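Work out the full structure, taking the sequences as your base and the hints as a guide.
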Amino acid sequence: KAGVTQTPRYLIKTRGQQVTLSCSPISGHRSVSWYQQTPGQGLQFLFEYFSETQRNKGNFPGRFSGRQFSNSRSEMNVSTLELGDSALYLCASSPISSTGFYGYTFGSGTRLTVV
Amino acid sequence: AQKITQTQPGMFVQEKEAVTLDCTYDTSDPSYGLFWYKQPSSGEMIFLIYQGSYDQQNATEGRYSLNFQKARKSANLVISASQLGDSAMYFCAMREGTGTASKLTFGTGTRLQVTL
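From first to last, the protein sequence lines are chains H and P. Here the numbering used here = 1-based position in the first sequence + 205. Here the numbering used here = 1-based position in the second sequence + 884.
Calculated from the structure, these hints are not laboratory results. Just so you know, these numbers come straight off a predicted model, no measurement behind them. You may find that some hints are simply not true.
With a straight-line Cα cutoff of 30 Å, these simulated DSSO-like cross-link-like pairs (lysine-lysine) come out [to be verified]:
(1) H/K262 / P/K900
(2) P/K900 / P/K957
(3) H/K262 / P/K957
Each pair of labels, with its calculated beta carbon distance range [unchecked claim]:
(4) H/F274 / P/E901: 29 to 37 Å
(5) H/R278 / P/I930: 18 to 26 Å
(6) P/S964 / H/Q259: 35 to 43 Å
(7) H/V320 / P/E945: 26 to 34 Å
(8) P/Q967 / H/Y215: 24 to 32 Å
(9) H/F274 / P/E945: 29 to 37 Å
(10) P/K954 / H/G247: 44 to 52 Å
(11) P/E901 / H/R278: 41 to 49 Å
(12) P/T944 / H/G233: 24 to 32 Å
(13) P/F931 / H/F274: 22 to 30 Å
For glycine and all other residues, C-beta sits at the position ideal for the given N, C-alpha and C.
The following block contains the structure:
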């Protein structure tokens, strides 16, 4: 069973540019969530998508956006990049269940450097 | 207030010894789940163990066990027989509520170094 695939693994962008990151969840998983990890702020929740709808959003500016396609693949976009956006961006997929345990499987992340 | 607190920024343990990583949490939701993840230098978050708030017994997964003390709101990870490959960052995380919209709240992590 293939894991969560994030592309690209590494990215270098210039301030003011925009970037799109991709996440392919485990087959059958309909929930995809995104997290930002920085040395200063730690791991912070960005947003979660389920069946192409954003269900939950973290406390990030509107420059951060995302979407989910009908095949559950998700993209996140950051516009007008700032130096502080340099981080490891992690995607997690989950089968989601209304009861009981459901876990989160993370991808290897995309390391974004803004220069 | 911090929802997940990990008070040990770094820990050292000798190979083959057991180590306990501390985690306390804060929630008023009666239904929640507690997770431990391992993050090696490669960056991937690797799931280790899960404890549900209604679970009667402490969770165990191989060399990992979770010491769940609900009244004290603590969920410490115990790694038995440490191996060199256990050297990594360890994160405690909580999911509140059930079903629909969900997110994980993470602690600041503990860096574990296993020595010979």
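Status of the hints after comparison with the structure:
1. H/K262 / P/K900: violated (42 Å)
2. P/K900 / P/K957: holds (29 Å)
3. H/K262 / P/K957: Roughly 26 Å separates the two Cα atoms, so the pair holds.
4. H/F274 / P/E901: 29 to 37 Å: violated (48 Å)
5. H/R278 / P/I930: 18 to 26 Å: holds (22 Å)
6. P/S964 / H/Q259: 35 to 43 Å: holds (41 Å)
7. H/V320 / P/E945: 26 to 34 Å: violated (41 Å)
8. P/Q967 / H/Y215: 24 to 32 Å: holds (29 Å)
9. H/F274 / P/E945: 29 to 37 Å: holds (33 Å)
10. P/K954 / H/G247: 44 to 52 Å: Once the Cβ atoms are compared, 25 Å apart, the range 44 to 52 Å for H/G247 and P/K954 is violated.
11. P/E901 / H/R278: 41 to 49 Å: This hint holds: roughly 44 Å between Cβ atoms.
12. P/T944 / H/G233: 24 to 32 Å: Because 27 Å falls inside the window, the suggested range holds.
13. P/F931 / H/F274: 22 to 30 Å: holds (25 Å)
In the structure shown, a violation is registered for the earlier hints numbered 1, 4, 7 and 10, in ascending order.
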